[in-house]
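Here is what each chain is made of, one letter per residue.
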Amino acid sequence: MSSFNIIGKREPRVDALGKVTGAAKYADDYNLPHQLHGAVKYAEYPHAEILSIDTSEAEKVPGVEAVLTYKDVPGANHFGLIPNIRILADDHTRYLGDVVAVVAAVDRRTAQKAADLIKVKYRELLAVFDPEEALEENAPVIHEGGNEIVHHKVRKGDVAAGFEEADFIIEKTFKTQPIEHAYLEPEAALVYPDEHDGFTVIGCMQNFYTSHKVIAAALGLPLNKVQIIQSTMGGSFGGKDEAATLVAVRAALLAQKTGRPVKMLSTREDSIRQSYKRHAYKLYYKWGCKKDGTIAAMEIKAVADGGAYASMSPFVTWRSVVQATGPYYCPNVKTDVYAAYTNNNFTGAMRGFGSPQVNFAIESMMDELAERVGVSPLQIRLRNAFEDGAETATGQKLTHRVSLKEVLIKAAEASDFERKWREYRSEANRTKTFPKGIGLSCAYRGVSLGAEGVDAASAVVYVQPDGSVTVSAGIIDMGQGARTVMAQIVAEVLGIPLQRIHFLEPDSGRVADSGPTVASRGTIMGGGAAKIAAENVREIMKHTAAVVYSVSPAHLGFRDGKVWDDNGKSSRPLCTFEELTAACYARGKPLFASGVRHVAETNWDEETGQGNAYFTFVYGANVAEVQVDSATGQTELLNFVSVHDVGRAINKATVEGQIYGGVAMGAGYGMMEEFIQENGEAKTINFDEYYILTAMDVPKMKAVIVENPDEHGPFGAKSVGEPAVEMAAPAVTNAIYNATGRRVQNLPANLEEVRLGQKLRRNVQRASVACKIEPK
Amino acid sequence: MRESISFVLNGKITVIDFLSETRFTPTTTVLNYLRSLPGHRGVKEGCAEGDCGACTVVLAELNGDGRLTYRAVNSCLIFLPKLHGKALLTVEYLKGQNGQLHPVQQALVETHGSQCGFCTPGFVMSLYALYQEKTEYSRENAEEALAGNLCRCTGYQPILKAAEKVLKEKPAADSEKEQKLIRLLKNLPKESVAVQTEKQYYHLPATLDELLHLRQTYPQALLLNGATDAALRVTKKFETLPAVIDTSAVAELGFFTKTERSFIIGSGVTIQRLKDISRDHFPALSRMCRVFGSRQIRQIATLGGNLGTASPIGDMLPVLMAYDGTVILKSLNGERRVSLDEFVLGYRQIDLKEEKIIYAVELPIPGANVHIRTYKISKRREVDISTVSAAFRLELNNKETIERIKLVYGGMAETTKRAYKTEAFLQGKAWNGETVLAAQKILVDEFTPISDARSGADFRRIAAANLLLKFWQELSK
Ligand SMILES: Cc1cc2nc3c(=O)[nH]c(=O)nc-3n(C[C@H](O)[C@H](O)[C@H](O)COP(=O)(O)OP(=O)(O)OC[C@H]3O[C@@H](n4cnc5c(N)ncnc54)[C@H](O)[C@@H]3O)c2cc1C
Ligand code: FES
Ligand code: FES
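Protein chains in written order, with my numbering: chain A, 70 to 845; chain B, 124 to 600.
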């Protein structure tokens, strides 16, 4: 495994050309003659009973071709992990992004005008916007069976004894805010009836296997009558799962009703209003610590705001419970993580998936501990960090290379952490108008889905008769570079140049259900499957070559576009890749193979929270350096170092791309991003009020890649997509602490938080007063 | 007078006649126009309000000396008639003869500057304008030019690297393509446009005289310059603007003259140009221009338009007030001058009387004893509307006592407001820490700001008072 031809190279992305020329086609770039345009009618109360829906005025508008409510859905109107998401609101509204009706008309403006004419009668119900209140006894009930979506536990050792043993206790409460994925491309789909009584859907769905099932079920059709074509995706970050499915299925219903192509396109405002967010968490952390800086016990409670529907809450909070104690030794642990329904936007998958919230708490606590013990943030982490063979809070023994200390030390070295940290905590710095600060964080992360789901992925490799190759996998490219990485893997196995390989976007008929492209599983799972598929094709080629050239198949090598006889001491070329391809086809051996990647065993005990949660983990460390304006609280990011052990970098430039993008997103989470809702109403519905970092805000970034190949990944590769984002926020807030001596306990660390140590806004009612019947 | 507009679209002369055209109206945005054409879908919509830059295109125009100037702008905010007489360049224009990439595209490929790619055509065009303008590379210049393009994937680092790469390599002198563009532009008609359809009329006068006459004839028409404010009414609220007078083609509004004692700056001067004009004599104004919107916005938004909005969080008014600016209003009957201190009458209301047209602003050059600073507090450092903004003017006499002080705040009330009580308190006092601390106490209660998504009222009050302290700290250094 020592030398590779293409693996590890900074190959340009295979899709770069189409992107820089504007030729890449995104969902809204597809159009058909006579297509109609959809528009939606939103719920007018965050929690209400729907008494009646009057669509008659809307139907009269010239140019309107269809108006649909839940009654017009021929099949299933519900879907989801816990199937309570409504395609069209039926008996109740549960958040203001619920859609009560959809309209198709000749153009968007007409459709919107008609949608505005739909009249709905409601009986307003008590609403609840705080997950902890939602779990109280007399809270308004949002779904039958109560507001608790899930309660995960981890129990290890004896916490009472642990606290007994402790020299001192640190207890803190943290809050994290909901945030928006802010993929630059809003959701869009084009659906058209095809000639076989079926429908074709072109859209940008992160988890198109699920979208496929939801759409077929809603239309009342078998799966093979619905074809999904994945368009180039303009970003997703976990966000284009149910949110994009909703847009596509509503278009499909309208297409079915009208028999015409229907385009459904969200404006930015639609997108932010409807789509799910990252969960807001309230986190209660209590650590029993010893004078030497070790931790004897941790008691943790976290409550996540699940919003109106369950979505991925059970899985998101499961990752939180597994990782809530961080990559640190602690013999006695009691963790409880809850998710509750509220009448806010529902919350679901977002890059990081339940880890950014707990990491903020853990890494803030670690710095508090360092302060109490009187050592540096680096020293305290090195003292508590997992090492090879460590046992996690869930009782899992880590059998891979545990590189936490390695990444911590590299991060500290690359940023001159120890020296700066000491300098900045001085009185001389803290009393300046613009004090500086530096902050450290680290984390570990279970790779792929873990014990939360069935985990397998497929890929297909097809060597065409001229020696050019197509690859398809059930993993999609949302911009992260999956196309490039998979093409590189196949090129490596077949020993041919990258240019010979073409990655086809998957569609529902091409590759078997591979589950979602989430949990940073793209490379390890999809790449793993592509590698197996390519090896299977190569096997067929080897057998033919062995016959044609009378050599042992075991001695055949594929490099530099040629096939080699690597017999013992000498290497000699036998033929070109194309020649062998031709020979195979001439002998009736088509070069087409699939590969399926399964994962190692994981297991979980719901009651004790013990088990092998993930088959492997990755490790990373971040350092942020900031400057704070003491008059206004404005924080400027100066420098950022992000170190990640990725197992093996298939393409160094795409790994760095993930790291830079992750830092920008994670730092934004730390200091400015916030999806603001007041009494359920979304207030930040476009980029004038929902802030993400710009080119002027980003710090100078240094990405450091560490490679400890893992037996489970293709060529040893693990993952980086989510690790890149999950620990940036606490690095920033720890840096602010270093600069000011004030700890940010509520994200984001915006002006108010940094300057005053609290948020002043918000006069949100506890629960809105119940109204009488409100004829509208 | 013409009823159609003519412009060059990616090297081809294009004419739109709104009377025979059914798909477009004079208030159709360039973004919607382009996306309805075959082969021009590289341009993307990410926000439809000037905040994301996905829709960035380049406008090329002939300047006085026969050369081309390039401006990156947000096509989602531009009405079609604004293309009249100009060249519209989109990402599709960059393709080389044999399909080879333009250097900015090549650089983005090499640095991995594109991931999902949705933002990429916008970045390509922002970079293209920089490249064509032969901008000197510095990280600051690159950041300044790209801050109006949002990217969620790359963290910008690779894109900034691409900018460095292309700007360091000097573009070749006027290429064949440029020469062709110049020839086409020279032949375009430049006269004024007047479109009258069933639902609306849209006038694009070419001279000040025409403008003044039109204003007389249509006193109710909506006056526009950059239309960055007005475009949102069409794209967000689906309004049909029934009567529009677009002043953006009136060259006489884009003037700037400098006398011994003052600058007179035309209302049609863009914020971007104002930033350069004011650099030496009005540094605080220049600084404010730098943090105004994004470059795409600054290149079309105008001084007159900013005053015209009379927005309580508009960025120009406070600083112009600090400079003791006077606004010059014009009509067929003559001119009238109003001190900017008295120009705004109420929430989004200004004193235009019958003159109706903001013609220019006069700014006296401040003396050496005058200290002027501006502050803009926003959630994000740039490309953001102010939460609170302030402009302060201090004149000290030689005994270090306050001869005159002006404290102007934006975002603290329904209009831009001076803190008169605090000013009165400070008048004649010694300029020192104690005075400032005492003044802060008055200042905290002088305004009753509102709470909104940007900030809470209490924070605004505290921040406003803090800015005075900051002013003192900065000056005493
Ligand atoms: C993305 C974005 C960012 C922005 N950022 C900022 C910012 O940082 N700071 C800030 O202050 N503003 C900002 N704005 C608001 C707005 O762009 C500015 O106020 C701008 O200066 C308006 O100029 P304009 O030429 O585009 O005005 P227009 O939209 O053309 O006109 C604005 C108003 O002024 C009137 N008007 C225009 N010209 C005249 C004239 N000659 N005589 C009389 N009345 C006239 C119009 O009738 C109209 O009511 C931003 C807007 C956007 C979309
Ligand atoms: S679409 Fe976002 S700036 Fe124009
Ligand atoms: S590459 Fe995806 S938004 Fe920039």
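Take these hints with a grain of salt, some might be off.
[Said to hold, decoys possible] With a straight-line cut-off of 20 Å between C-alpha atoms, the simulated SDA-like cross-links for lysine to any residue are:
(1) LYS182(A) x LYS284(B)
(2) LYS769(A) x ARG503(B)
(3) LYS284(B) x LYS752(A)
(4) LYS284(B) x LEU707(A)
(5) LYS94(A) x ARG503(B)
(6) LYS355(A) x VAL442(A)
(7) LYS752(A) x SER574(B)
(8) LYS359(B) x ILE754(A)
(9) LYS501(A) x GLN596(B)
(10) LYS182(A) x ARG356(B)
(11) LYS501(A) x ARG158(B)
(12) LYS284(B) x LEU290(A)
(13) LYS182(A) x ASN155(B)
(14) LYS752(A) x ASN155(B)
(15) LYS293(B) x ARG356(B)
(16) LYS501(A) x GLY556(B)
(17) LYS360(B) x ASP176(A)
[To be verified] Which chain A residues stay away from chain B? Per the calculated CB distances, all over 12 Å, these:
(18) LYS88
(19) ASN100
(20) HIS212
(21) ARG656
(22) GLY731
Read the hints as simulated data drawn from the structure, not as lab findings. For each residue, glycine too, the CB sits at the ideal point set by N, CA and C.
Here is how each hint holds up against the structure:
1. LYS182(A) x LYS284(B): violated, 46 Å
2. LYS769(A) x ARG503(B): holds, 17 Å
3. LYS284(B) x LYS752(A): Distance ~35 Å between LYS284(B) and LYS752(A) Cα, so the pair is violated.
4. LYS284(B) x LEU707(A): holds, 17 Å
5. LYS94(A) x ARG503(B): violated, 32 Å
6. LYS355(A) x VAL442(A): At roughly 16 Å apart (the allowed maximum being 20 Å), VAL442(A) and LYS355(A) satisfy the hint.
7. LYS752(A) x SER574(B): OK: LYS752(A) and SER574(B) at ~13 Å, within 20 Å.
8. LYS359(B) x ILE754(A): Measuring from Cα to Cα gives roughly 12 Å; hence the hint holds.
9. LYS501(A) x GLN596(B): holds, 11 Å
10. LYS182(A) x ARG356(B): With Cα atoms ~16 Å apart, LYS182(A) and ARG356(B) stay inside 20 Å; holds.
11. LYS501(A) x ARG158(B): Since the Cα atoms of LYS501(A) and ARG158(B) sit roughly 52 Å apart, the hinted pair is violated (cutoff 20 Å).
12. LYS284(B) x LEU290(A): violated, 50 Å
13. LYS182(A) x ASN155(B): holds, 19 Å
14. LYS752(A) x ASN155(B): With Cα atoms ~26 Å apart, LYS752(A) and ASN155(B) exceed 20 Å; violated.
15. LYS293(B) x ARG356(B): With Cα atoms ~41 Å apart, LYS293(B) and ARG356(B) exceed 20 Å; violated.
16. LYS501(A) x GLY556(B): holds, 16 Å
17. LYS360(B) x ASP176(A): holds, 16 Å
18. LYS88: With a cut-off of 12 Å, LYS88(A) comes too close to chain B, as the shortest Cβ separation is near 3 Å.
19. ASN100: Label violated. Min Cβ-Cβ 9 Å, cutoff 12 Å.
20. HIS212: Per Cβ check, HIS212(A) is outside 12 Å of chain B; nearest 29 Å; holds.
21. ARG656: Its Cβ never comes within 12 Å of chain B, the nearest being 38 Å, so this holds.
22. GLY731: violated, 7 Å
The structure is inconsistent with the numbered hints 1, 3, 5, 11, 12, 14, 15, 18, 19 and 22, although it conforms to all the rest.
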